[in-house]
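What follows is each chain in one-letter form.
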Amino acid sequence: MSIVPVWTLILGAAVFFYVVLDGFDLGIGILYNFAPDRADRQAMMNSIAPIWDGNETWLVLGGLGLLAAFPVAFAIILPAVYFPILVMLLALVFRGVAFEFQFRDAEHRHFWDHAFSIGSAVATFAQGIVLGAFIQGFDVQGRHFVGGSFDCFTPFSLFTGLALMCGYGLLGACWLILKTEGELAERARRWARAAFLGTLTAVGIVSLWTPFIDPDIARRWFSWPNILFLSPVPLATAITGLLWWRAVARKMEVAPFIYAILLFTLAYLGIAISLFPMIVPHHFSLEQAASDPSTQIFLGVGTLFLLPVIFVYTGWSYWVFRGKVRGDIGYH
Amino acid sequence: MTLDPVILSRLQFGWVIAWHILLPAFTVGIASYIALMEGLYFFTGKEIYFRISSFWIRIFAIAFGMGVVTGVVMPFQFGTNWSRFSDITANIVSPLLAYEGLTAFTLEAGFLGVLLFGRKLVPQWAHFGSAFLVAFGTLLSSFWILSTNSWMQTPAGYRMVDGRFVPVDWMAIVFNPSFPYRLAHTVDAFYVTTGFVVLAVGAWLIRKKTFASEGKVMLTTTLTLLAVLVPLQILLGDMHGLNTLEHQPAKLAAIEAHWNREARAPLTLFAIPDQKAETNRAAIDVPLLGSLILTHDVNGVVPGLKDFPPEDRAPVAIPFFAFRIMVGLGLLMLALVALGWALRFVGKLFSSEWFLKTLIWSGPIGFLAVLAGWTTTEVGRQPWTVYGLLRTGDSVTPSLTGGDVLISLAGYALVYLIVYPVGVWFMARAIQRGPGDMVVPVGGGRPAGPVKAPPEMGAP
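Protein chains in written order, with my numbering: chain A, 1 to 332; chain B, 1 to 460.
By construction, these hints were calculated from the structure, which means they are not laboratory data.
Just so it is clear, CB atoms sit at the ideal spot from N, CA and C, and this is done for glycine as well.
One or more hints might be untrue.
[As the list claims (entries may be wrong)] What follows is a list of derived Cβ distance ranges for each label pair:
(1) A172/B to L235/A: 31 to 37 Å
(2) A272/A to L3/B: 35 to 41 Å
(3) W319/A to L3/B: 51 to 57 Å
[Claimed, not checked] Covered stretches of chain B (in silico footprint by chain A; criterion: 3 or more residues with CB under 8 Å from a CB of chain A, positions within the stretch not fixed):
(4) 83 to 96
(5) 192 to 205
Could you put together the complete structure from these sequences and hints?
Written as structure tokens, this is what we have:
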């Protein structure tokens, strides 16, 4: 029996954790420049200060998971998105050090504020380009990417870049609704509505655009009887959207974040349905790209044991910092 | 001249890892020191340990944040610039890297928040526990990444299938021949590096007088630790050298600039190696000492570079000089520790102005030694990424042009040249603030029993 389905689930989950977790703290960075005063900005920063680097750890875990489970996909995809990855990493360096630097450096606070905000926005945009380029597929011969390093910049990938900025902005705003109170929470609700509308529009456009790019994806969704099995996905998205809107209107605090995550889950599921079982679209399936069984088992056993442990202590860390952001916890 | 993506990719990897390694060289050591201080505070209740720990936590926070973001860069280098290496070695190398992420990064990140921001929110034992687990995480990280590096230096436990490595024996892969020596030598190097930083800061605090009691505790605790760690490091270095002789003879010959295989070999103290002419210029040799040090036997045979075809030799001058810099700095550190102990015996450790000044200036000495050692081992194993099996030139991403890599290299150069000086400047400012405004927290952080009166406080 093959262990590949297990690894597909592990990797799928790791990437999804990354998207949601770093998604909301990158989203806070995107919204940061819209906050009018120092106190609000500090509260926004402090709402993620104790957890952001744990969230970013999932980026490394996702990347290494891909290398470990499907190495040839790693060796093809990363060169193909050479520049978006470069830009993302440099932007993450800037926004990461800005956490520590901005509050220690009153004279250059303006600069580090921008580093945090623009860094978060640029990193998100670059991740969106990676996503778009991945959906479009790459020039591959044998086990190598043979296209150019700038091929990944297309109208579609630039659009998915913008779409992801809306999406992360939505997650960030919902996190703020959960973690802050008063005027800032009210402002977060306004940001959340704008980001929500942007996200939903973008998801709609991408859903209509992808079948045009790729006839395989069109067949996957619109052929009979698939259209019957798969119609719950857009339907559920619409219902979740309505529930989200109602939750924000009723000033609920936890529900908007939960529904936003659910929206991400559905969009993620949509992409998975479009591409499955390919890990390098048109070239390598998950089975074909899989690493040696011994590698998958050696790492898989440890991973299945360690993941629950990680969830327990990560959960404890979130629990310690539960509740609304306090002025005396974090940078002050 | 055309731009060579291989050379540029090597420069880029060297650049990002050289800057990155400076951070673990400090955070691995200081995390353990913080755990030690938190432990002393927890068990003795003396506030001075609390103040010292809180002081170092502030500095650690900056270094760790920089370490995280420059560390995230590293695994992506394998994909973007070294995709052939990734494809060929992934079956073996990737689980080691992934286990580093799963066991170490998550542990560090999970408890770092509580260590930095949670003192008021959790009981004291939980805060001490977090400090301990963060320190343990940094050591686990060292374990896995050095296992990976060691496997690339001394591959074991594999077979080749269709030109790619396939695992046969995981124990042999993880505990490959050079790993125990490299792990011990590197972790000790990180501890010693941190030790000299703490000595420098302690000496500075003593001279500044405001926080002299904290400075004195830093000096005495660290000097005690270094009295073990520095001699141990020399012993470990020697064992690592014997291991290199056995498993990477071409590298050892390059380190020693030793061209001809011979018994009763001399030790070349200084020379200008001439790669083309296959000889040394202006050499200063000590007879017999080469065989004695490298094989522990005056009649021992030392390999020569001419045993290996020219295309399989490292650029001799770089490992040769880097190694001598590392050893020289190591001996200097040994002398400083010995001097410190001599002054301590005669009761002048805290009053000897010139010695305190010397300690302040030698704060960065360990970082230089780490970089020199890393250069020795990484340039010394060229032209291979997997020693003897996979060439560096065959490891690079085929789709990259020289122009692509030039752009990315420029990007990394620019960003690191902004971020590092600023980071160092902030750490210097945190040091200048001193361990002053550290108030023992009430609430969750309050010890269960009554706090013993701290005797050091207020003492002149």
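Quiz item: Out of the numbered hints, which ones does the structure contradict?
Solution: Of the numbered hints given earlier, those the structure breaks are 1 and 5, listed in rising order.
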